[in-house]
Amino acid sequence: MIDNTVVELSRWQFAATALYHFLFVPLTLGLSFLLAAMETVYVTTGRDIYRRMAQFWGKLFLINFALGVATGLTMEFQFGTNWSFYSSFVGDTFGAPLAIEGLMAFFMESTFVGLMVFGWERMSKAQHLIVTYLVALGSNLSAVWILVANGFMQDPQGARFNPLTMRMELTNFSDLIFNADAQSKFVHTSIAGYVTAAMFVGGISAFYMLKNRHMEIARRSFRMAALFGVLATAGVITLGDALGFIGGQAQPTKLAAMEALWKTEPAPVAFNVVAAPSQSERANLWQIQVPAGLSLLVTHSLDGTVPGADDLEKQAAERIRNGIPAVVALKRLAQDPSDAQAMAQFTAHEKDLGYGFLVQRYAPDQDASKSTPDAILQAARGTIPQVAPIFWSFRIMVGLGLLMLGYFILAVIYTLRNQVEHQRGFLRLALWSIPVPFIACEMGWLVAEIGRQPWTVYQVLPTWMSASTHSVAYMVFSLTGFVVLYSIFIAIEMYLMVRAVRAGPDADGPDAAGPQGEVAAVRAAPAPAGRLASRWEG
Amino acid sequence: METYLLLKVAWWVLLGVLLMGLAVMVGMDMGVGTMLRYVGRTDTERRVALNIVGPHWDGNQVWFILGGGAIFAAWPLIYATAFSGFYVVMLLLLWTMIVRPLGFEYRSKLASAQWRGAWDWAFFVSGFVPMLVFGAAVGNILQGVPFHFDWNLTSRYTGSFVALLNPFAILCGLLSVAMSIYMGATMVMNRGEGVIRERARRLALWSGIGALLLFTVGGFWVSRMQGYHLVRGPDPATAQTPLRQIVERSTGDWLVNFRGHAILWLVPASAYAGLLPGLVAARRGASHLAWWLGALAWIGIIGTVGTAMFPFMMPSSSEPSHSLTVWNSSSSEYTLAWMTGFTAVFMPLILWYTSWAFWVMRGKVSAQRIESDEHAY
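Protein chains in written order, with our numbering: chain A, 1 to 538; chain B, 1001 to 1377.
Just so you know, the hints here were simulated from the structure itself, not pulled from any lab data. On a predicted model such as this, the values are computed, not experimentally measured, just so you know. All C-beta atoms in this analysis are idealised placements derived from N, C-alpha and C, irrespective of residue type, glycine included. Keep in mind that a hint or two might mislead.
[To be verified] Below are the EDC-like pairs computed for lysine to aspartate or glutamate, each with C-alpha atoms no more than 20 Å apart in a straight line:
#1 Lys-314(A) with Asp-374(A)
#2 Lys-125(A) with Asp-1373(B)
#3 Lys-1364(B) with Glu-121(A)
#4 Lys-331(A) with Asp-1150(B)
#5 Lys-314(A) with Glu-265(A)
#6 Lys-125(A) with Glu-1374(B)
#7 Lys-331(A) with Asp-367(A)
[To be verified] Label-pair ranges, simulated between beta-carbon atoms:
#8 Glu-8(A) with Ile-1246(B): 36 to 42 Å
#9 Ile-1246(B) with Asp-175(A): 37 to 43 Å
#10 Ile-1246(B) with Thr-480(A): 40 to 46 Å
#11 Glu-1248(B) with Asp-311(A): 52 to 58 Å
#12 Val-498(A) with Ser-1372(B): 24 to 30 Å
#13 Thr-1158(B) with Glu-8(A): 21 to 27 Å
#14 Glu-8(A) with Val-1162(B): 23 to 29 Å
#15 Leu-302(A) with Leu-1005(B): 58 to 64 Å
#16 Val-1231(B) with Ala-242(A): 55 to 61 Å
#17 Arg-502(A) with Trp-1206(B): 43 to 49 Å
Please put together the full structure from these sequences, using the hints given.
Now the structure itself:
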């Protein structure tokens, strides 16, 4: 028997640790490219100020990077520790991109980040520049593979359930990687990281301009961030639209929740700008609409329509009824794999196996074969995820995205006219807007992952079945531990980040005594050749 | 179908290689963390020790992450069963491990002695505990772990957390801690100078002797403990689950492979072939050689466990017939084939650029350089 409380606590723990991890990842993705861009200017023009810029932002990069790496460890292991049924059920397919991420991307990023930090005096300028690019490339390639894995959860492509091994087995590798959801989400997510980095660099540069400190570095950093940011924001919005289009077709239940669409309406469908969705009433208590808006946004035409929750529930009920015999046959096959009749029954109902799993939660004794009409109804209703949080997360994300686009357009205009440092109000806005992209990223995660419920793998494996069979006590223990530990970490990180920002680009290392010291002058000489000889003796 | 058999064995070997990489590389960094407060008495000395592994800890740690990812991809049932079964110890490992990246990046950012002192303790905990857990997990797996599967392969662990801390598991944990200190100490000797090098040398000797003793005692223990043997099961070359085999346990089963193929005694012998001359080398100050001999010893130690248990990977003590083996817990042939391709391309690349990174950062780490280098930890 599956304990709902354990499943709920496991979900809270996963969401908390993933959202927390995702506070640090976007900045790493974007800032690594900004660092590479700054260093490129340094190497090509030879102007030392760009080296100082790269090193200063590199320092902030590392404070953020450390927590990203640390909390990423949790993610790599949490599937096994807390989602063991999920892991054995989809590991054959889902594990591969995670392992390849380690092989291809994370090893590269992590090995070269050490050289990026420590190697300034030990490599030629060109070598160091390549190293910096490899860090950026590595972190972005990491994102590719993680989102390939996530794409499989959103729209499972390239795998088939094998009743004899009781798991989803990979059947087509290129379908797995070239999954449209994964591809568009990778671009959308990584560019969201570039926006985050641009807001971060722009905001901190604005802080210096307000204080009239480090003006040379601040002006240049701001300009680079503004140009990078305006392109990135435009890209995020474009790809977000594409993702909505692709996701809407692959996951109609998520789309219905995002738009609070309870009933299928004839085309053209109106767009709910704001609404008060009520899950129990299965309707919006009130709403403000733009006529024909949704058809235009989602189908890019006036005569397209979008299925509402009512129709989707009906379809789900049908699939649940069809899926129950699949579960029954599967159980018989587990007893006797050579049972031809069971195999025939399974094959006939195979495509709705996930829906058969879904009803177990509501069936007496959690046995699908005992499903009552009421259990089927409840399971069908459960295929519509929680509308209000998805509807609002989506609107906050999009709203913040549009605001950031406006912000970056202004930023580009001001910086190209060389007047940004006189726009005090705008600079203050830039500083206080630093949290905005972080919030938008978190909202994006919520839309994607709450929107996929009640599934871990859409239409294949219910979340409710996926969790490990822990006790409630274990889950309370681990969740508490994570909350305590992660709270301490973020306090330390924020403190060090703010401190490093206040100290500014010219503070020379942790033991800096003199302010404004020329950094390069005190740097130690590179390694003498004689060291090679001493390697074998130690 | 014979290809599938080969792929299963190849991924069993590769898992071993990853565990060896993890033990050698992450173990070394964790050893430095464990001994940090001893090897460095002053703040500068401790910073020297940290900066010896400083440029490499992050790359090295990926061995650990890749180990997790590869078990997930190639051995999903083992990933699911072991990680959830060992829940509380896995959390201990995770919570102590995630402190380490922060220690490197944050410790020397503030000058306060209290701040740095706290991080030095954090380094001790985040070096000692994960290595202890790593060894203890292997120790438990050798003895068998109480778990079984439902009809749909939901794994259920029926033991307690305390049962994982049994004497044999602790012994294996201490062996892994001793080896990590040995590897860390020889690396610190390699790139440290003066008093730090001398302290590291003493540590290398003591930890090496400790590892030698623990491995020997552990070996005798294993030869007398209950092992497992496969009585009957489906054809190893076919896709299968752990629900259709018969497994029995009896004393001395973990020696069967060695008795059947005498050449396999070379595997445990290489642990001695690494440690004994390693101790001599460390004593003479040939730290580079001592480090490589330590790596050989790790290969011998992990190889011994694998060889003794083959084809078992995670036996079940409560339901022996549900034991996980090389034959019944791997991924599908198709997945293993793709994974093999990626590994064949990227593993040599990883080894190449890791070596290059060590070569770029070669040479002694001195106190003067730490104090004048703004990038140092």
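Tested hints:
1. Lys-314(A) with Asp-374(A): Roughly 14 Å separates the two Cα atoms, so the pair holds.
2. Lys-125(A) with Asp-1373(B): Holds, at about 18 Å.
3. Lys-1364(B) with Glu-121(A): Within the cut-off at roughly 15 Å; holds.
4. Lys-331(A) with Asp-1150(B): This hinted pair holds, its Cα atoms lying about 11 Å apart.
5. Lys-314(A) with Glu-265(A): holds, 15 Å
6. Lys-125(A) with Glu-1374(B): Measuring from Cα to Cα gives roughly 18 Å; hence the hint holds.
7. Lys-331(A) with Asp-367(A): Measuring from Cα to Cα gives roughly 11 Å; hence the hint holds.
8. Glu-8(A) with Ile-1246(B): 36 to 42 Å: The hint (36 to 42 Å, Cβ to Cβ) holds, given that Glu-8(A) and Ile-1246(B) are roughly 39 Å apart.
9. Ile-1246(B) with Asp-175(A): 37 to 43 Å: Cβ of Ile-1246(B) to Cβ of Asp-175(A): about 39 Å, so the range 37 to 43 Å holds.
10. Ile-1246(B) with Thr-480(A): 40 to 46 Å: Once the Cβ atoms are compared, 43 Å apart, the range 40 to 46 Å for Thr-480(A) and Ile-1246(B) holds.
11. Glu-1248(B) with Asp-311(A): 52 to 58 Å: holds, 57 Å
12. Val-498(A) with Ser-1372(B): 24 to 30 Å: Hint holds: Cβ distance 26 Å, inside 24 to 30 Å.
13. Thr-1158(B) with Glu-8(A): 21 to 27 Å: About 23 Å separates the Cβ atoms of Thr-1158(B) and Glu-8(A), which means 21 to 27 Å holds.
14. Glu-8(A) with Val-1162(B): 23 to 29 Å: Hint holds: Cβ distance 27 Å, inside 23 to 29 Å.
15. Leu-302(A) with Leu-1005(B): 58 to 64 Å: Distance hint for Leu-302(A), Leu-1005(B) holds at roughly 60 Å.
16. Val-1231(B) with Ala-242(A): 55 to 61 Å: holds, 57 Å
17. Arg-502(A) with Trp-1206(B): 43 to 49 Å: For Arg-502(A) and Trp-1206(B) the Cβ distance comes to about 45 Å; the hint holds.
Hint check: no violations occur; every hint is consistent with the structure.
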